[in-house]
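4 protein chains.
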Amino acid sequence: MRTGQTHLFNPGPARVPAQGPRLATVAQGDLMPGLVRDLRPVFGTTEAEMLFQPGTATAAWETATSNTLSPGDKVLVACHGQFSTLWGDLAAMLGLDPVVVHAPWGAAAPVDQIDRLLGADVQGEIKAVFVTHCETSTGVVSDLAAVRRALDSSFHEALLFVDGSSSIGSMPFAMDAWGVDIAVTGSRKGMMMPAGLALLAVGPRALDAAMTARMRRAYHDFNDMRAPGAVPADLLSGLRVALDRLHAEGLHAVHTRHRRLAEGLRRGVEALGLSLVAEWRTTCSDTVTAVRVPEGVDAREVLRIAEDDYNAAFGAGLGPLAGKAFRIGHLGDINEGMVLTALSLAELALMRAGARVVPGAGVGAAQAWFASGIPSRVLAAE
Amino acid sequence: MRTGQTHLFNPGPARVPAQGPRLATVAQGDLMPGLVRDLRPVFGTTEAEMLFQPGTATAAWETATSNTLSPGDKVLVACHGQFSTLWGDLAAMLGLDPVVVHAPWGAAAPVDQIDRLLGADVQGEIKAVFVTHCETSTGVVSDLAAVRRALDSSFHEALLFVDGSSSIGSMPFAMDAWGVDIAVTGSRKGMMMPAGLALLAVGPRALDAAMTARMRRAYHDFNDMRAPGAVPADLLSGLRVALDRLHAEGLHAVHTRHRRLAEGLRRGVEALGLSLVAEWRTTCSDTVTAVRVPEGVDAREVLRIAEDDYNAAFGAGLGPLAGKAFRIGHLGDINEGMVLTALSLAELALMRAGARVVPGAGVGAAQAWFASGIPSRVLAAE
Amino acid sequence: MRTGQTHLFNPGPARVPAQGPRLATVAQGDLMPGLVRDLRPVFGTTEAEMLFQPGTATAAWETATSNTLSPGDKVLVACHGQFSTLWGDLAAMLGLDPVVVHAPWGAAAPVDQIDRLLGADVQGEIKAVFVTHCETSTGVVSDLAAVRRALDSSFHEALLFVDGSSSIGSMPFAMDAWGVDIAVTGSRKGMMMPAGLALLAVGPRALDAAMTARMRRAYHDFNDMRAPGAVPADLLSGLRVALDRLHAEGLHAVHTRHRRLAEGLRRGVEALGLSLVAEWRTTCSDTVTAVRVPEGVDAREVLRIAEDDYNAAFGAGLGPLAGKAFRIGHLGDINEGMVLTALSLAELALMRAGARVVPGAGVGAAQAWFASGIPSRVLAAE
Amino acid sequence: MRTGQTHLFNPGPARVPAQGPRLATVAQGDLMPGLVRDLRPVFGTTEAEMLFQPGTATAAWETATSNTLSPGDKVLVACHGQFSTLWGDLAAMLGLDPVVVHAPWGAAAPVDQIDRLLGADVQGEIKAVFVTHCETSTGVVSDLAAVRRALDSSFHEALLFVDGSSSIGSMPFAMDAWGVDIAVTGSRKGMMMPAGLALLAVGPRALDAAMTARMRRAYHDFNDMRAPGAVPADLLSGLRVALDRLHAEGLHAVHTRHRRLAEGLRRGVEALGLSLVAEWRTTCSDTVTAVRVPEGVDAREVLRIAEDDYNAAFGAGLGPLAGKAFRIGHLGDINEGMVLTALSLAELALMRAGARVVPGAGVGAAQAWFASGIPSRVLAAE
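Residue numbers (my numbering), protein chains in the order written: chain A, 1 to 382; chain B, 1 to 382; chain C, 1 to 382; chain D, 1 to 382.
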């Protein structure tokens with residue numbers, strides 16, 4: 001029997017505020033204008049069309065792709081983790097011709113390779129570039145401004161599509177400034193809602209491309225999504241609550257909070273003598289951290305102990321990281337105490353799984369960092 | 001400001017039990033076998049594969065279609081309301097060749113026409129027949145056993161696909177006995193969950209067809225849905241609660257309760273001198289009832305008064321019924337008092353909108369019906 | 001097994017808003033000033049001290065009494081129902097000398113008798129007058145202004161203590177204007193909270209009396225209640241939510257809503273050919289209505305059918321009304337639909353219990369009343 | 001603005017399970033026999049009468065006293081902290097004659113002094129002995145078996161009354177074996193409910209004494225509490241949920257879990273170089289721990305930082321411990337992660353308040369303890 005609070009640190013779902021989304025009561029047709037107005041700053045856009053779809057971020061991927069491209073179109077896909085790889089697979093399944101640029105799991109999207117391929121594509125055969133902003137499987141953030149510079153310096157007209165699943169809402173996202181043409185995310189990460197609603201921001205160039213795209217689609221058709229009543233009212237009502245929450249704290253405060261808390265967590269991990277999967281500190285995500293376990297320890301055992309014995313959920317290492325790493329989600333409605341809880345439970349489970357860590361060392365390093373700066377509650381009040 | 005309980009009688013969402021679905025806590029990988037075991041009797045099948053997809057029933061429509069058919073395939077679609085028509089549209093959007101058999105809104109699927117067309121299709125060009133079990137826009141139930149007989153009497157091999165959105169869970173559904181090859185529904189009708197999860201039951205002939213189908217798909221791919229973790233744990237956890245609720249009452253009791261309550265509602269509507277949209281009493285749905293308003297009354301005004309003044313939501317008349325009818329949903333966690341509430345608020349809003357109804361007449365007729373039979377609570381206890 | 005919504009019309013607890021009181025999180029020492037500020041207008045006072053006590057209104061009765069009176073003091077108690085009688089009993093148990101003036105169950109407090117006894121008490125032996133504003137057992141409201149006039153016209157200095165359990169918050173209450181010295185209520189009626197918190201407003205004359213009162217007390221001591229932390233934070237936090245709710249709608253709108261809804265209910269009851277327990281329409285409560293069942297019908301059977309068969313709770317007839325009447329509570333977060341539900345379920349249960357009522361007659365009369373006036377939602381918006 | 005989970009470690013309220021008490025729906029008259037049956041083992045009794053009262057444990061104190069004693073009766077009260085002292089005060093306020101035996105704050109009830117006074121009371125003037133099982137202000141547990149031996153060895157007939165507020169439900173309590181005549185507790189500690197319900201177990205000797213007691217009472221009268229409907233149904237319904245929770249885990253598992261978690265906390269506190277208020281490890285409570293802050297640190301500042309900056313609530317030092325100690329509550333629905341959270345936040349707040357503690361040292365010591373034993377989840381499964 002489980003006793004006590006369930007400690008959720010798997011990076012799939014964000015921490016949902018206790019007074020979080022509720023079911024709508026009566027259909028609220030006039031929710032839409034306010035949702036669009038308040039959602040655009042979260043995506044960093046002033047003019048992109050906001051579309052909503054019942055489903056996961058993967059549904060939004062297919063929507064973005066199938067409304068703007070045509071069968072056989074070449075798309076450049078940066079693959080450096082589980083989710084960016086899945087996006088490439090999806091492109092192939094839909095009949096596109098993906099050109100994949102690989103980087104190691106732990107690296108960011110390889111901008112230099114992207115730059116070279118775009119420069120070489122003098123015929124403009126590449127119709128879109130797919131970049132995953134935050135790779136949830138590795139905790140690595142890619143440099144979208146640099147991808148935009150690569151596109152611009154080649155005078156390349158390919159659309160830029162971004163999966164912002166574990167970044168939008170929790171980390172700065174500047175759709176307009178970065179020239180992102182479509183950005184997608186799901187409800188249960190930075191938006192702090194239950195699963196079930198995908199969000200898309202579609203810029204003017206993507207809307208233009210949708211005029212001539214010839215890919216079959218039905219559930220994913222932009223026009224159908226625009227119909228009144230296309231999105232169940234309870235999902236929209238949940239989004240209303242989530243946006244109120246984000247703007248009450250202030251987007252800047254939300255982003256700063258995530259950055260400060262993530263830095264505490266990283267210092268804790270390093271103080272335990274563990275390595276991050278992310279190759280560089282500058283590309284670390286502020287929402288999810290993938291941690292390598294020491295040689296001789298099975299990360300699956302760490303997870304099993306955490307769940308079975310301590311009612312705590314961390315994320316598994318995926319793909320090549322299975323058994324070698326585990327992941328800590330730290331996005332949404334979190335604070336210092338929750339990061340310290342994550343570290344203390346990770347330490348305990350690591351000890352039990354045979355890792356030689358100094359008990360309390362990770363927590364101590366995070367405490368030292370937290371003690372030296374502005375608490376996240378105070379940030380929000382400013 | 002709204003005061004008091006919101007009276008929800010729009011047929012989109014079912015009444016969700018107060019102690020309803022919750023967010024999952026820790027991922028529960030072993031939920032799946034129990035869900036499949038308990039969901040199959042709800043669909044009336046012992047062997048169909050059960051698949052789950054984040055999204056609405058429309059997502060499940062696309063999934064059913066795109067995994068089993070190939071571009072250009074002929075499909076026979078019975079259109080006799082808003083949702084059956086949308087299914088035909090979807091088939092066309094996906095590149096199939098829909099052969100539409102129309103029936104008036106208010107009629108059931110025209111089995112005689114289906115029978116004739118299948119008999120004439122000696123080449124077997126029709127690959128699938130699409131039937132909507134309960135047309136939510138008209139409150140009409142079609143005779144699936146008769147459609148199966150039409151297929152069998154022609155020795156026709158077309159697959160039989162059924163949208164069971166507002167029937168499965170609330171009315172008897174016999175997938176195996178009726179030879180249904182794929183049945184789909186969404187979470188927020190008979191399953192009494194919030195929106196966001198689509199359910200599919202896929203029979204062996206449809207699984208065979210999936211081996212050779214050549215339609216592009218990605219989000220809707222059967223195989224991807226089978227991957228562990230493909231469905232967010234909170235949606236599955238909600239389904240667990242819903243199935244426990246259904247089986248605690250007993251499927252037979254659930255069906256009988258819906259039938260008795262619906263009969264009371266219909267008697268009330270008729271006592272008010274109003275007509276049902278459904279042409280025949282024998283084809284009336286036990287989950288949703290579409291009611292024609294008298295000449296000279298605008299059904300939209302009835303809905304507006306109900307919502308603005310009495311915090312009550314009924315469903316709008318759709319398509320050709322806009323302004324001419326309104327709909328009352330009565331599925332899910334309902335009882336006698338809720339049917340009486342629906343009738344009494346409908347009466348009040350109709351009076352206010354100018355209809356000449358005898359105040360209390362509808363409620364009185366329903367009371368007389370309820371007083372003469374077994375209360376739904378007692379049914380459940382048996 | 002119960003299915004569907006539980007229809008709660010027992011007058012004990014009010015309807016609690018769905019988004020109602022929650023547990024406090026961290027102790028909130030500074031809640032108190034705001035609570036006092038927002039609670040005073042609910043009691044109709046600008047200067048009374050507001051005190052809070054974990055417990056029921058009965059606890060507050062003992063508190064009011066034991067802090068201001070001394071053993072052997074004469075108190076005049078108007079008894080005309082279950083709860084006013086209990087107050088007299090409590091006075092005797094605490095060692096006071098109650099002088100009881102009786103009126104029939106269904107009558108208001110007998111002001112003429114009170115007037116006469118006060119006039120005859122030339123020695124001023126009566127130290128306090130106890131009046132129950134709304135007798136929850138009969139649904140009768142007493143005229144507090146007239147009691148005050150009786151006191152004033154005799155130049156009598158007795159304190160005036162009022163039980164406002166089922167009136168304060170739902171009906172106009174003018175503590176200062178009526179010269180009430182202590183008014184008490186509990187959390188679960190007009191305040192729309194769960195049970196567990198008693199509220200007292202103590203005027204200046206009662207505070208003076210507390211200086212010299214010589215009754216033993218401990219749990220009920222005014223001073224102990226004033227200590228910081230004396231009231232558990234979760235109870236205060238619930239009160240904060242309740243007051244926000246009341247003031248958002250507006251006290252005048254709340255009162256008008258209760259009056260209009262109660263009038264609809266009374267018209268419905270009378271249209272069924274049933275009698276109210278209240279002797280006069282002018283003394284009917286707007287929060288609870290006691291209804292006599294016809295000869296030959298057992299009110300207990302009506303309640304049993306409502307609960308066992310229809311998942312509905314009405315209040316039992318108490319004392320001499322046991323078996324002869326049942327009670328309908330209609331206070332708190334209610335609206336037209338809920339009154340119609342109460343009537344339609346009462347009709348159904350009455351029919352089943354053998355009463356000869358015209359089905360739908362009560363609902364029809366209430367509908368006619370509601371259709372002719374301003375809906376309660378619109379009142380609140382003004 | 002608060003962000004993230006509120007970390008509640010103040011010892012007043014216990015941690016309430018997320019799926020905790022709900023409002024009752026319809027009155028449930030037959031809840032009582034099951035409540036009594038399941039509550040008795042929690043108190044360690046097979047025959048004591050169980051009584052329920054809306055209010056706090058203080059209300060139950062007054063009830064215990066006023067039903068069994070008479071004005072002027074001598075009672076022996078062990079005072080060694082805030083709450084035991086308040087009980088002595090209450091006895092005096094009620095007109096009893098308390099004989100107070102003092103012990104330092106941090107010591108247990110002084111059994112030797114009690115023994116001596118009982119032995120000297122050859123006339124049997126002492127009618128009752130009042131002992132606080134767990135002093136919530138100091139985190140100290142007293143030896144009730146020894147008090148019983150003291151009574152028995154003097155052949156003294158005084159009643160033994162015990163306040164079990166922060167022990168019953170979380171720590172072993174053996175009412176019958178210890179010869180306790182009345183034991184009281186409130187709802188929001190070991191019973192894991194919101195505030196508002198007091199519980200009393202009254203043994204046969206106390207029931208006998210109630211036959212002749214001559215203290216005035218009304219709200220606190222045993223007989224009134226026995227009347228059907230005396231306790232609001234929502235409070236009883238919450239208790240039903242709480243008892244189901246306790247027995248599902250198993251009382252022995254609950255007690256062992258509290259002991260193991262408390263031991264981890266104590267080891268953490270000591271590893272930080274801090275002293276417990278409790279004088280001896282053998283008398284430490286497993287539900288609340290009072291911790292002395294180092295010289296030069298103000299405990300109030302620790303609390304302020306925890307609350308203002310980290311959304312965490314600890315308990316204040318009371319009385320002579322104000323500013324010198326703070327308290328950590330660890331009772332109810334807790335687990336290892338929550339104890340580690342409490343320690344890590346206490347460390348952080350202590351550091352910020354100027355205490356020289358080694359960051360992470362306390363967490364590390366607790367982790368080492370937890371890693372060496374059986375996790376509390378596993379205990380519950382056994």
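Check the hints yourself; a few may be wrong.
[To be verified] Pair by pair, the computed Cβ-Cβ distance ranges are:
#: 1; chain 1: D; residue 1: Arg-300; chain 2: A; residue 2: Arg-356; range: 37 to 43 Å
#: 2; chain 1: B; residue 1: Ala-92; chain 2: A; residue 2: Asp-30; range: 31 to 37 Å
#: 3; chain 1: C; residue 1: Glu-47; chain 2: D; residue 2: Pro-294; range: 44 to 50 Å
#: 4; chain 1: B; residue 1: Glu-295; chain 2: A; residue 2: Asp-30; range: 54 to 60 Å
#: 5; chain 1: D; residue 1: Pro-294; chain 2: A; residue 2: Gly-323; range: 52 to 58 Å
#: 6; chain 1: C; residue 1: Arg-300; chain 2: D; residue 2: Arg-149; range: 38 to 44 Å
#: 7; chain 1: C; residue 1: Gly-34; chain 2: D; residue 2: Glu-47; range: 17 to 23 Å
#: 8; chain 1: A; residue 1: Pro-71; chain 2: B; residue 2: Val-378; range: 57 to 63 Å
#: 9; chain 1: D; residue 1: Ser-70; chain 2: C; residue 2: Gly-34; range: 39 to 45 Å
Please keep in mind that the hints were generated in silico from the structure rather than gathered at the bench. Glycine included, every Cβ here is placed at the ideal spot set by N, Cα and C.
To see whether the hints hold, each was checked on the structure:
1. D:Arg-300 with A:Arg-356: 37 to 43 Å: 40 Å, holds
2. B:Ala-92 with A:Asp-30: 31 to 37 Å: 32 Å, holds
3. C:Glu-47 with D:Pro-294: 44 to 50 Å: 48 Å, holds
4. B:Glu-295 with A:Asp-30: 54 to 60 Å: Given range 54 to 60 Å: violated, Cβ gap about 31 Å.
5. D:Pro-294 with A:Gly-323: 52 to 58 Å: Violated, at about 45 Å.
6. C:Arg-300 with D:Arg-149: 38 to 44 Å: 54 Å, violated
7. C:Gly-34 with D:Glu-47: 17 to 23 Å: 48 Å, violated
8. A:Pro-71 with B:Val-378: 57 to 63 Å: 60 Å, holds
9. D:Ser-70 with C:Gly-34: 39 to 45 Å: 44 Å, holds
Hint violations for this structure: numbers 4, 5, 6, 7, all remaining hints satisfied.
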